[in-house]
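Novice: Chain by chain, the residues run as shown.
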Amino acid sequence: YLEDVKIKARGQLQAVESRYRAQKRITQAFELEILNLFGRLENSPLKKLEDEKTEAAE
Amino acid sequence: YLEDVKIKARGQLQAVESRYRAQKRITQAFELEILNLFGRLENSPLKKLEDEKTEAAE
Amino acid sequence: MADDSQRNFRSVYYEKVGFRGVEEKKSLEILLKDDRLDIEKLCTFSQRFPLPSMYRILVWKVLLGIIPPHHKSHALVMNYRKEQYWDIHHALHVIRFIDDSTPQVEVFLRIHQLESGKLPRNLAYPLEPEDEVFLAIAKAMEEMVEDPIECYWLVSCFVNQLNSKHRDSLQQLPKVLEQYLNIEDSRLLMHLKACAALSKLPYDLWFKKCFAGCLPESSLQRVWDKVISGSCKILVFVALEILLTFKMKIIALTTAEKITQFLENIPQENTDAIVSKAVDLWRTHCGTPAHSA
Numbered sequence: 578y579l580e581d582v583k584i585k586a587r588g589q590l591q592a593v594e595s596r597y598r599a600q601k602r603i604t605q606a607f608e609l610e611i612l613n614l615f616g617r618l619e620n621s622p623l624k625k626l627e628d629e630k631t632e633a634a635e
Numbered sequence: 578y579l580e581d582v583k584i585k586a587r588g589q590l591q592a593v594e595s596r597y598r599a600q601k602r603i604t605q606a607f608e609l610e611i612l613n614l615f616g617r618l619e620n621s622p623l624k625k626l627e628d629e630k631t632e633a634a635e
Numbered sequence: 041m042a043d044d045s046q047r048n049f050r051s052v053y054y055e056k057v058g059f060r061g062v063e064e065k066k067s068l069e070i071l072l073k074d075d076r077l078d079i080e081k082l083c084t085f086s087q088r089f090p091l092p093s094m095y096r097i098l099v100w101k102v103l104l105g106i107i108p109p110h111h112k113s114h115a116l117v118m119n120y121r122k123e124q125y126w127d128i129h130h131a132l133h134v135i136r137f138i139d140d141s142t143p144q145v146e147v148f149l150r151i152h153q154l155e156s157g158k159l160p161r162n163l164a165y166p167l168e169p170e171d172e173v174f175l176a177i178a179k180a181m182e183e184m185v186e187d188p189i190e191c192y193w194l195v196s197c198f199v200n201q202l203n204s205k206h207r208d209s210l211q212q213l214p215k216v217l218e219q220y221l222n223i224e225d226s227r228l229l230m231h232l233k234a235c236a237a238l239s240k241l242p243y244d245l246w247f248k249k250c251f252a253g254c255l256p257e258s259s260l261q262r263v264w265d266k267v268i269s270g271s272c273k274i275l276v277f278v279a280l281e282i283l284l285t286f287k288m289k290i291i292a293l294t295t296a297e298k299i300t301q302f303l304e305n306i307p308q309e310n311t312d313a314i315v316s317k318a319v320d321l322w323r324t325h326c327g328t329p330a331h332s333a
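Chains as they are written, first to last, in the numbering used here: chain U, 578 to 635; chain D, 578 to 635; chain Y, 41 to 333.
Quick caveat, the hints were computed from the structure, so don't treat them as lab data.
Just to be clear, a hint being listed does not mean it is correct.
Said to hold, decoys possible - Distance condition first, Cα-Cα at most 16 Å in a straight line; then the derived EDC-like pairs of lysine to aspartate or glutamate:
id : chain 1 : residue 1 : chain 2 : residue 2
1  : D       : Lys585    : U       : Asp581
2  : D       : Lys585    : U       : Glu608
3  : Y       : Lys112    : U       : Asp581
4  : D       : Lys583    : U       : Glu580
5  : D       : Lys601    : U       : Glu594
6  : U       : Lys601    : Y       : Asp75
7  : Y       : Lys240    : Y       : Glu297
8  : Y       : Lys112    : Y       : Asp75
9  : Y       : Lys158    : Y       : Asp171
10 : D       : Lys601    : Y       : Glu123
11 : Y       : Lys158    : U       : Glu580
12 : Y       : Lys233    : Y       : Glu297
13 : U       : Lys583    : D       : Glu580
14 : Y       : Lys273    : Y       : Glu186
15 : Y       : Lys122    : U       : Glu608
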């Protein structure tokens, strides 16, 4: 019976851990996307113009 | 002893749950940042020019 | 020849009419009543019998570890699976990998890629061969499973099973096929060798995609019963039975290209009989599984 409780707990734990790992993967993917978007914003030769626009708008 | 195992299992489950929630909060913060960056890239009147540049660079 | 066709007729007949099926269904129901499902017994059952369609998805989910052995945890765990699916689904929206018009199977692919850390940098990257395998299996599974979340988990875990547990054996299957073809019909083997077709048979379709896109779903699920419960060798016998069934047609074709092209698009009428015969042939050569997983 004890074994039973352990197996049951493991079954649930595995699913929760998998959900946690997925969330971690999402964070990684978002991180990459943020870097990518920053790169697109900053490497643009039009950045300065855009910056001025943003500042003016604020 | 059985009660012991149950308590331990519940503790483990809660620990992973709380790590999941923490990770989710990070994801949500990143999500806001991504939306913000997309907004900056796309609402710019210079976007068209930039798109052309990106396409040419690829 | 007469014996053979009679035997085949019988087994197809029984499976269709379900004489044997009633007993089998009862014994499966007894297995499924346990508070804690016995994975090994469920494996043995699906190795020996076709799963009744009303229990197939449940058994697959248990065998693939999507839900745990305890009945009482099923709802809870399925809830975690659901949340995980929507978490990733939403994230893919945010980074614009999917939108409302993305086909379901492509959504599944992107979720699977993200979960396994293989999401490409952007959408412009061409698909890898393993992605094509995933999509083929997903398309077939979509026809078998109504609920998209259940469907995603089945595809993802099935593909993971193929890439881990079955990885090494899958690579051996072309060689194994040649051996059995030599036993069953050496003349056909000679013909394939003479046309230089042996190395060009649609092995990816047969052994990587597990016949997804080759057999209609009603036949395919009976093959997958065996693979999911632990035997990928059944794939060899399905391929073998396809070759034997269309022997005349294949002998009439004289180039490797034509043979491959035909085999990639076999007629869809008698596939149930092909699978039944393949299962019989598998039993003949490998014996009835007793307790092996």
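Novice: Going back to the hint list, which numbers does this structure go against?
Specialist: Numbers 2, 6, 11, 14 and 15 - these are the hints that the structure violates, sorted from lowest upward.
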